[in-house]
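Trainee: Given the sequences, and given the hints that come with them, work out the whole structure.
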Amino acid sequence: MSPVHYVALSVILFVIGGVGVLVRRNAIVVFMCIELMLNACNLAFVAFASMHGNLDGQVIAFFVMVVAAAEVVVGLAILMAIYRARRSASVDDANLLKY
Amino acid sequence: MTHVLAAGPNTDVIARETLFWILAVASVGAALAMILVRRAVHCAMMLAVVMLSLATMYAMQGAPFLAFVQIIVYTGAVLMLFLFVLMLIGISSADSIVETIKGQRLAAGFAAIGLLVILILGIGHAAIGPASPLTAANGTNNLSGLAALIFTTYVFPFEITGALLITAALGAMVLAHRERTTPKPTQRDLAGRRLASGQLAPDPSPGVYALHDAADRPALLPDGTPSDLSVSPVLSQREVMEAPPAVRPKEETPAITAESGEREPTPSGRVDS
Chain R
1 MSPVHYVALS VILFVIGGVG VLVRRNAIVV FMCIELMLNA CNLAFVAFAS
51 MHGNLDGQVI AFFVMVVAAA EVVVGLAILM AIYRARRSAS VDDANLLKY
Chain P
1 MTHVLAAGPN TDVIARETLF WILAVASVGA ALAMILVRRA VHCAMMLAVV
51 MLSLATMYAM QGAPFLAFVQ IIVYTGAVLM LFLFVLMLIG ISSADSIVET
101 IKGQRLAAGF AAIGLLVILI LGIGHAAIGP ASPLTAANGT NNLSGLAALI
151 FTTYVFPFEI TGALLITAAL GAMVLAHRER TTPKPTQRDL AGRRLASGQL
201 APDPSPGVYA LHDAADRPAL LPDGTPSDLS VSPVLSQREV MEAPPAVRPK
251 EETPAITAES GEREPTPSGR VDS
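Keeping their order, the protein sequence lines are chains R and P. Note that this note's numbering has the first sequence beginning at 1, numbered continuously upward. Note that this note's numbering has the second sequence beginning at 1, numbered continuously upward.
Hints listed in this document are in silico derivations from the structure and should not be mistaken for laboratory results. These numbers come from a predicted model, not from an experiment. Careful, some of the hints might be misleading.
Stated by the list, open to error - Sample of chain R residues lacking proximity to chain P, with all beta carbon distances greater than 12 Å (derived):
1) 31
2) 55
3) 97
What the hints assert, rightly or not - Derived list of chain P stretches under chain R, where covered just means 3 residues or more per stretch with a C-beta under 8 Å from a C-beta of chain R:
4) 22-35
5) 44-53
6) 64-71
The beta-carbon is built from N, C-alpha and C at its ideal position, and this holds for glycine as well.
Mentor: The following block contains the structure:
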């Protein structure tokens, strides 16, 4: 398969993840959609690495995975702190700063 | 695998193409289901499907190391973390259908279409050539090639990654830590609280006098009414709890005969026996 197919698939997955971030209310699901977008980026990186015939894209994808893991850990901890304070995981309920 | 390769490159190409289309349809379908399904646990399962498909695609594109890291780190660790947090907080939180911002879904749809058009235009303008073999870049194998890159060219980002991971772990510990603001209740305090509450005995355990002794069946109180206290609130939130047995009508006489032991006893019969 040519890398174009993989890049196209990664575009589709990225857009689906973006829609999920915009539409969903549950903060955990929003996080999952962000993970989906990061995965789509990784797929594009690997496709470009195989297109250029070098490994830099794979190394970058590896770093993206590490950063995603760190982001998930901190994000879920924040979510749990919010849940303790507000008793809700909905993004609509964290509105204390709202005018 | 060897005889597939021995049959000629044509068979291999067809196999790869078939696998790609299967995985592409599976991952896009799972991603769509992820944003449409209401329950967060089902979303996590769909995300697992997407991640496993992508891992297979990495392996198909000559990145076996990334494929295994994807499975171990993403599907193994990150998704498990998601599920743990779901079990801790969000098991009951099915997403609400209500739009709090008017026309938000429509706007999100338009934004998605716009993003899709922009990305397709950008990629259409890019010159994406055919895949070139990674054998020269790999050296002896993919793992040693990646290691050579990570520990020479990318060694500084790699070190920063270590710092980032430690910071993230510490941050998560600080955020998840809860300082005790009140003194821990002693046994004497607990006994006093129980006396003051008026209920000396513990809550009835599930299944007492009910048809089944499963944990999701509420206990029946002596007057035949089901006691909601006896079932964990998590079960009722997950909607796995069966409907509590109906309250026994007053005029119904208990019909306990010798052969009713084989039959499924009615709730009222079991209460009276």
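Trainee: Please name the hints from earlier in the document that this structure breaks, with their numbers sorted from lowest to highest.
Mentor: 1 and 2
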